[in-house]
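Protein chains: 2
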Amino acid sequence: MKSSKQLGNASLAFQTPVYIHSAASIVGKKEGEGPLSSAFDMICDDPMFGADTWEEAESTMQKEAASLAIGKAGLRPEDIRLLFAGDLLAQSMASSFGIAGLGIPFYGLFGACSTMGESLSLGAMTVAAGYGDHVLCATSSHFASAEKEFRFPLGYGNQRPLSASWTVTGSGACVLGAAPPSPAVLGHSDPLRRADTCAVITGITTGRLVDYGLKDSQNMGACMAPAASDTIERHLTDFERSPLFYDAIVTGDLGAIGQQILLDLLKEKGIDLTSVHRDCGLMIFDGNTQDTHAGGSGCGCAASVLCAELLPRIISGEWKRFLFVPTGALLSKVSFNEGDSVPGIAHAVVIERADAEKEG
Amino acid sequence: MKSSKQLGNASLAFQTPVYIHSAASIVGKKEGEGPLSSAFDMICDDPMFGADTWEEAESTMQKEAASLAIGKAGLRPEDIRLLFAGDLLAQSMASSFGIAGLGIPFYGLFGACSTMGESLSLGAMTVAAGYGDHVLCATSSHFASAEKEFRFPLGYGNQRPLSASWTVTGSGACVLGAAPPSPAVLGHSDPLRRADTCAVITGITTGRLVDYGLKDSQNMGACMAPAASDTIERHLTDFERSPLFYDAIVTGDLGAIGQQILLDLLKEKGIDLTSVHRDCGLMIFDGNTQDTHAGGSGCGCAASVLCAELLPRIISGEWKRFLFVPTGALLSKVSFNEGDSVPGIAHAVVIERADAEKEG
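Residue numbers (the numbering used here), protein chains in the order written: chain A, 525 to 884; chain B, 525 to 884.
You may find that some hints are simply not true.
[Stated by the list, open to error] Within a straight-line C-alpha distance of at most 20 Å, the following computed SDA-like cross-link-like pairs (lysine to any residue) qualify:
id: 1; chain 1: B; residue 1: Lys-857; chain 2: A; residue 2: Phe-674
id: 2; chain 1: A; residue 1: Lys-672; chain 2: B; residue 2: Lys-857
id: 3; chain 1: A; residue 1: Lys-553; chain 2: A; residue 2: Met-572
id: 4; chain 1: A; residue 1: Lys-672; chain 2: B; residue 2: Glu-602
id: 5; chain 1: A; residue 1: Lys-529; chain 2: B; residue 2: Ser-527
id: 6; chain 1: A; residue 1: Lys-857; chain 2: B; residue 2: Ala-703
id: 7; chain 1: A; residue 1: Lys-529; chain 2: B; residue 2: Gly-654
id: 8; chain 1: B; residue 1: Lys-857; chain 2: A; residue 2: Pro-677
id: 9; chain 1: B; residue 1: Lys-793; chain 2: B; residue 2: Gly-811
id: 10; chain 1: A; residue 1: Lys-672; chain 2: B; residue 2: Glu-862
id: 11; chain 1: B; residue 1: Lys-857; chain 2: A; residue 2: Arg-675
id: 12; chain 1: B; residue 1: Lys-672; chain 2: A; residue 2: Asn-861
id: 13; chain 1: B; residue 1: Lys-672; chain 2: A; residue 2: Phe-674
id: 14; chain 1: A; residue 1: Lys-857; chain 2: B; residue 2: Asp-576
id: 15; chain 1: A; residue 1: Lys-844; chain 2: A; residue 2: Leu-768
id: 16; chain 1: A; residue 1: Lys-739; chain 2: B; residue 2: Gly-625
id: 17; chain 1: A; residue 1: Lys-672; chain 2: B; residue 2: Phe-674
id: 18; chain 1: B; residue 1: Lys-529; chain 2: A; residue 2: Lys-672
id: 19; chain 1: A; residue 1: Lys-857; chain 2: B; residue 2: Lys-857
id: 20; chain 1: A; residue 1: Lys-857; chain 2: B; residue 2: Ala-668
id: 21; chain 1: B; residue 1: Lys-529; chain 2: A; residue 2: Lys-844
id: 22; chain 1: A; residue 1: Lys-529; chain 2: B; residue 2: Glu-602
id: 23; chain 1: A; residue 1: Lys-529; chain 2: B; residue 2: Pro-677
id: 24; chain 1: A; residue 1: Lys-857; chain 2: A; residue 2: Pro-685
id: 25; chain 1: B; residue 1: Lys-529; chain 2: A; residue 2: Pro-685
If you're looking for bench data, these hints aren't it; they were derived computationally from the structure.
Isolated chain A, as found in the complex:
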């Protein structure tokens, strides 16, 4: 039996679902003061996470989230066959000095803030093909390491335009598996399962680079919205679905400006996303009180919101299915300084409710 069906020119429907065994999220203090405060597994008040540098802080947070996800699934690192992870820093430093240290066979990724979509896509493809019984998918971002990497050192105290987003200090990690997760063992595991309800990945649409020539790195929502529009449109076409098939279509970090552009772009194509669109960047902070301007951003934004808020809505029965579409802006400080545009990319992952007993 084929493990999947190719749809359109960039989509796959998995013939057998890929189970999400566990999900873990760790965030910083500011994220812990936002609307999703109670949803995160861990909120760390120390922005340094006990480390000496911003990069090491991010590495520590990411590795901790990964260890938490592995533990929740009732597994040990040596039970994980493959690891897909990356981050925003040059040469994926947070992952190389963080999660990669777990000793799991490792494929490093770079998809900017779309990384959780990329890692879940490759992880699900791997599990669906029978290449591994358990794989780990993770990413992270840190406000201070990202500001240092892309913009200004914090001590410079620069002013931020209202179109700028606020890089989330956070990490999300998921363990995927071929069989349904086992029920929780008190004090030993806390899998993504309630009674027989669990969450599965049933399809993906791979993103392609979309560049409208925008150059404003302080308005990344606008730079990424065309990529989100492209992926969502192709996804709905490939799967022959309407937006209302989903309880929610959740982008990663378009923020307030990017969201409006996405809705407008899709409207021009006859697709009305208004009632089902959500954006992790608009969910994680309170725009009125937290001074985060356009919203949250960073690899860790979509990843931590997925693990803390979106997947639990599947398990609780509130949602039957949603489309997770993390969005990435593929810029670097060199490309910015050389006057290049900010191309975008977005990877879509279909996440649905499933019955562990029935399908297991």
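Position chain B relative to chain A; hints supplied.
Coordinates of chain B only, in the frame set by chain A:
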């Protein structure tokens, strides 16, 4: 039927081989003056590749190598279902502004100089699972963009220790496919096939991060040798093979010092690689006349040597099979400046001769 068999804790044997449809290599002037001069598809005398910046030069070279590989396979970009690519620059800038512009659904990778092994591994996994009939795997490096990214601007004229390697200006790209490549069409295609002989990927061993705590970024061969040793040892164990099963075991860019360390490390484990070991970094330059010290390095080193020199040895009948093991040093200038070690990683890919008629 399962598309593969899991071996050990990090290897896969593909039940049906994945065909390498085409391979293209483009290098700079210095590489074109080396021992493999006549093997490359294209040698560009202009280090800027007609562009205005080093980064754009690398992007141009990489995109051109990809287009050449697609054309050799007799395909168009829209025939390629997935693209796996990355490079050494921060936020994979060469790929984001190069090959990603082809509009192919794109997974960005970061594996430093192991990237060609990572992209071939993920590409082969994708094709073997039936996720796409054709995928493109590519990477690149450029001497000047790498020196700027990791070390000193060229104008500074720094002295290089003898343990340092010379980053190759080069790119390699391969199209992989599920069926054997079609015979060449004069003037239209130039696939990796001679009569019925073609090259296939039959297995992989995924690398894991190995860190011996070495901190000398001017001696990357020493930093990466432990990772190469780890992957090669696990590969031989997982597949129950001796080194002599292969006509050659070819690492990416260990150079003279790294090669000796690799041979010593494996000898301690009872594995004698002496007679079959080759290193792309030692093949691409003439160490006596080209002043490249320890040897060539960079993502483009292993990738261009694979496409120009290694795969043709399979097609010509000189080799029956070899193990391709690109090696990566996962450092950044920030990790170096913060005093971190230089962890290594190496991904192994089994490449063999196959009969297109018999197996097609």
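Hints, one by one, checked against the model:
With a C-alpha separation of about 14 Å, the suggested pair Lys-857 of chain B and Phe-674 of chain A falls inside the 20 Å cut-off, and the hint holds. A distance of roughly 13 Å separates the Cα atoms of Lys-672 of chain A and Lys-857 of chain B; the hinted pair therefore holds under the 20 Å criterion. For a cut-off of 20 Å, the pair hint linking Lys-553 of chain A to Met-572 of chain A stands: about 11 Å separates their Cα positions. The straight-line distance between the Cα atoms of Lys-672 of chain A and Glu-602 of chain B is roughly 38 Å, outside the 20 Å bound, and the hint therefore fails.
For the proposed pair Lys-529 of chain A and Ser-527 of chain B, the alpha carbon gap of about 14 Å is at most 20 Å, so the pair holds. With a C-alpha separation of about 42 Å, the suggested pairing of Lys-857 of chain A with Ala-703 of chain B is violated against the 20 Å cut-off. Between the alpha carbons of Lys-529 of chain A and Gly-654 of chain B the distance comes to roughly 8 Å, so the proposed pair stays at or under 20 Å and holds. With a CA separation close to 16 Å, the supplied pair Lys-857 of chain B and Pro-677 of chain A stays within the 20 Å bound.
As the CA atoms of Lys-793 of chain B and Gly-811 of chain B are separated by approximately 29 Å, the hinted pair breaks the 20 Å bound. Between Lys-672 of chain A and Glu-862 of chain B the CA atoms are separated by roughly 14 Å; this keeps the pair inside 20 Å, and the hint holds. A threshold of 20 Å between alpha carbons decides the hint, and for Lys-857 of chain B with Arg-675 of chain A the separation of about 17 Å falls inside it, so the pair holds. A threshold of 20 Å between alpha carbons decides the hint, and for Lys-672 of chain B with Asn-861 of chain A the separation of about 14 Å falls inside it, so the pair holds.
Restraint check: the Cα-Cα separation between Lys-672 of chain B and Phe-674 of chain A comes to about 17 Å, which is no more than 20 Å; the hinted pair holds. The straight-line distance between the Cα atoms of Lys-857 of chain A and Asp-576 of chain B is roughly 17 Å, inside the 20 Å bound, and the hint therefore holds. For the hint linking Lys-844 of chain A to Leu-768 of chain A, the alpha-carbon distance of about 12 Å falls within 20 Å, and the restraint holds. Distance restraint check for Lys-739 of chain A and Gly-625 of chain B: the Cα-Cα separation of roughly 16 Å lies within the 20 Å cut-off, and the hinted pair is therefore satisfied.
For the hint pairing Lys-672 of chain A with Phe-674 of chain B, the CA-to-CA distance comes to about 17 Å; that is within 20 Å, so the pair holds. For the given pair, Lys-529 of chain B sits about 44 Å from Lys-672 of chain A by alpha-carbon distance, which is inconsistent with the 20 Å threshold. Proposed proximity of Lys-857 of chain A and Lys-857 of chain B is supported: the alpha carbons are some 14 Å apart, at most 20 Å. For the given pair, Lys-857 of chain A sits about 17 Å from Ala-668 of chain B by alpha-carbon distance, which is consistent with the 20 Å threshold.
The hinted pair formed by Lys-529 of chain B and Lys-844 of chain A fails the criterion: a straight-line CA distance of about 34 Å is larger than 20 Å. Distance restraint check for Lys-529 of chain A and Glu-602 of chain B: the Cα-Cα separation of roughly 19 Å lies within the 20 Å cut-off, and the hinted pair is therefore satisfied. The suggested pairing of Lys-529 of chain A with Pro-677 of chain B is violated, with an alpha-carbon distance near 49 Å, which exceeds 20 Å. Restraint check for Lys-857 of chain A and Pro-685 of chain A: satisfied, since their Cα atoms lie roughly 18 Å apart, inside the 20 Å limit.
For a cut-off of 20 Å, the pair hint linking Lys-529 of chain B to Pro-685 of chain A is broken: about 53 Å separates their Cα positions.
When the structure is compared with the earlier hints, violations turn up for hints 4, 6, 9, 18, 21, 23 and 25 and for no others.
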